[in-house]
Amino acid sequence: MARFEWLWADTRAKVALAWLILVLFVAATAPLIAPNDPIEQNLTDVLSEPSGSHLLGTDDVGRDFFSRLLHGARVSLFGSFLAVTVALTLGVPVGLLAGYLGGLFDNVAMRVVDSILGFPAIVLAIGIVAALGPGLRNAMVSIGVTFSPSVARLMRGQVLATKNHLYVDAAEQFGSPWWRTIVRHILPNAIQPIIVQSALLLAVAFLAEAALSFIGLGAQPPTASWGAMLSRSAQFLTVSPSVQIYAPGLAITLTVLAINALGDSLRDSLDPVAGTERRTRRILARLAKTEK
Amino acid sequence: MLRLLGTRLAAVIPTLLFATFTIFGLQHIGPADPATLVLGENATEERIAEVREQLGLNDPLVVQYGKWVGRVATGDLGGSIIRTEQVSTIIGRALPTTAQLVLSGVTISVLIGIPLGILAATRANRATDVAVTSGSAIGVSIPNFWLALVLITAVAINWGLVPARGFATLSDGVGEAFRHTILPAFVVSMSGIAIVTRQVRGAMIEALNAPSVRTHRAKGLPWRTIVWKHALRNSAVTIVTVVGLLVNTTLGATVVVESVFAIPGMGSRVIGAASARDFPVIQGVVLTYVLIVLAINLIIDIAYRIIDPRIS
Numbered sequence: 000m001a002r003f004e005w006l007w008a009d010t011r012a013k014v015a016l017a018w019l020i021l022v023l024f025v026a027a028t029a030p031l032i033a034p035n036d037p038i039e040q041n042l043t044d045v046l047s048e049p050s051g052s053h054l055l056g057t058d059d060v061g062r063d064f065f066s067r068l069l070h071g072a073r074v075s076l077f078g079s080f081l082a083v084t085v086a087l088t089l090g091v092p093v094g095l096l097a098g099y100l101g102g103l104f105d106n107v108a109m110r111v112v113d114s115i116l117g118f119p120a121i122v123l124a125i126g127i128v129a130a131l132g133p134g135l136r137n138a139m140v141s142i143g144v145t146f147s148p149s150v151a152r153l154m155r156g157q158v159l160a161t162k163n164h165l166y167v168d169a170a171e172q173f174g175s176p177w178w179r180t181i182v183r184h185i186l187p188n189a190i191q192p193i194i195v196q197s198a199l200l201l202a203v204a205f206l207a208e209a210a211l212s213f214i215g216l217g218a219q220p221p222t223a224s225w226g227a228m229l230s231r232s233a234q235f236l237t238v239s240p241s242v243q244i245y246a247p248g249l250a251i252t253l254t255v256l257a258i259n260a261l262g263d264s265l266r267d268s269l270d271p272v273a274g275t276e277r278r279t280r281r282i283l284a285r286l287a288k289t290e291k
Numbered sequence: 000m001l002r003l004l005g006t007r008l009a010a011v012i013p014t015l016l017f018a019t020f021t022i023f024g025l026q027h028i029g030p031a032d033p034a035t036l037v038l039g040e041n042a043t044e045e046r047i048a049e050v051r052e053q054l055g056l057n058d059p060l061v062v063q064y065g066k067w068v069g070r071v072a073t074g075d076l077g078g079s080i081i082r083t084e085q086v087s088t089i090i091g092r093a094l095p096t097t098a099q100l101v102l103s104g105v106t107i108s109v110l111i112g113i114p115l116g117i118l119a120a121t122r123a124n125r126a127t128d129v130a131v132t133s134g135s136a137i138g139v140s141i142p143n144f145w146l147a148l149v150l151i152t153a154v155a156i157n158w159g160l161v162p163a164r165g166f167a168t169l170s171d172g173v174g175e176a177f178r179h180t181i182l183p184a185f186v187v188s189m190s191g192i193a194i195v196t197r198q199v200r201g202a203m204i205e206a207l208n209a210p211s212v213r214t215h216r217a218k219g220l221p222w223r224t225i226v227w228k229h230a231l232r233n234s235a236v237t238i239v240t241v242v243g244l245l246v247n248t249t250l251g252a253t254v255v256v257e258s259v260f261a262i263p264g265m266g267s268r269v270i271g272a273a274s275a276r277d278f279p280v281i282q283g284v285v286l287t288y289v290l291i292v293l294a295i296n297l298i299i300d301i302a303y304r305i306i307d308p309r310i311s
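Here the protein sequences line up with chains A and L, keeping their order.
Quick note: the first sequence, position 262, residue 261 per numbering that gives the first Met the number 0, numbers continuous.
Quick note: the second sequence, position 38, residue 37 per numbering that gives the first Met the number 0, numbers continuous.
Note that these hints are calculated values from the structure, not bench results.
Be a bit skeptical, because a hint or two may be false.
Pairs of lysine to any residue residues, derived as SDA-like cross-links and limited to a Cα-Cα distance of at most 20 Å, are as follows [unchecked claim]:
(1) Lys13/A to Val129/L
(2) Lys66/L to Ile12/L
(3) Lys13/A to Thr132/L
(4) Lys13/A to Lys66/L
(5) Lys13/A to Ser133/L
(6) Lys13/A to Asp267/A
Some, not all, of what chain A presents toward chain L, calculated at C-beta under 10 Å [to be verified]:
(7) Ala17
(8) Ile20
(9) Leu23
(10) Pro247
(11) Leu253
(12) Asn259
The structure presented is a predicted model; accordingly, all values stated were derived computationally and were not measured.
The beta carbon of each residue, even a glycine, is placed where N, CA and C say it ideally should be.
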């Protein structure tokens, strides 16, 4: 339990976790708990206001908005996890090798990383989606590719900081092959900031999924994603029930906020200096409360 | 100074080279043949062969890349596939619009972000600080296109204060330009405000904890002078870095926000081109973005050295 002490000590992180568990639960069980079929159209009942049979009303082709919202959680979460997975799969090995090998490989890899970081991420992603063809999977792979340089650079920095430790030297003296040294000795000691970074990237990926689906390059109709739903509501801005503008946006904002909060909290728990600042703040707050 | 500029420019070249390679490669990483993309699925064999020849697709990739870079270097970005227009004409028309939006957005971020950051830093860990910090956490979490929708509904449609769609540049008159710019500029500045606030807060807290501040207080300098003159100057490097970062962030934000407001800028163009797979336009726009970001990075790099002579 001691491992998760940071979580229980931080109210903000607890609230964030509760929200994320709710979203995960909804994503996992959407087909079971959604009251209606998310893609079943009913053209005699379009853009209706919230009612007993349709909690959030119906969209422009009469689909139950609430059911689509529940299913959307699934799509949005899957998309952002996919993007982060791609970013890690590309970024971690490149960063590890660049840091460990140094020399020419390092030089070339870091030039490539620099130049990808020179693109505004969303623009590069749009370019790649245009090439691969629109769709959730392609969109999120593109986002993952644009994220990978930042992962590679962070990983490389961590390896450089780790590889001069005595235990790495010792392992090598005992004849550990290079791949074993990397996997068993360097990676476990350099991975912490990558985990924090992944959490923060997940939040950005979530926003990116929403944005790409909003402009029609991500999740394709009739799939419900929170960004795609906003796009439909936007087309009928003046006639859509206003809750259909607010609900998906609020869902995105709260989820991103929660992921960010959890990531920050995790980082503080790993960074003794920032963690101390936070703890001091909490103690001061407690003292202020008892003084009253 | 000139020598500094020279070495910095030289360092940009490999980055630019790889960037152009990526941009060129975009249309070749996809599963579809570029000629088929241009003509659609139903084109005849002969027509496809003709267009392949026309686009130079039969040459080896390296030769194609060389030709492309050669053309681009002279400013010839090719013609749009969908519109009968040169890409450079399209960009020439869209760039001032996006530039106006980005500059307004960055200005708003700086004007709101810096005072907020200083406010939070001088009241560190008190209620004001918590409010500002939470606000900036929300600022980076709100999807900008949703904020745009909500504000369009409230400010433009319900209150009728500004137009909901379209754009006007300065050449259409200052008043008109202001009415069309203020809302989208605020939307694209949102994450910028949050970033600036957060960074300035951190830098100012550090600067205010410096021993020199204690000396200033001891000799009776007013607190206002310490904050706005001494501490702020010691935070200058952070602030310049953030402003550089801001251009990149804001540029990214305009892409989707432009399409919500139906603003005919670079973002709307690249989204339209991506849906239509109009690669010359995509390549031209992306290249322009990269050049802007690289230019800003160069300026920031040089600005550092002017602000802080210790960096060499």
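Which of the numbered hints are not met once you compare them with the structure shown? Of the numbered hints, 4, 7, 8 and 9 do not hold.
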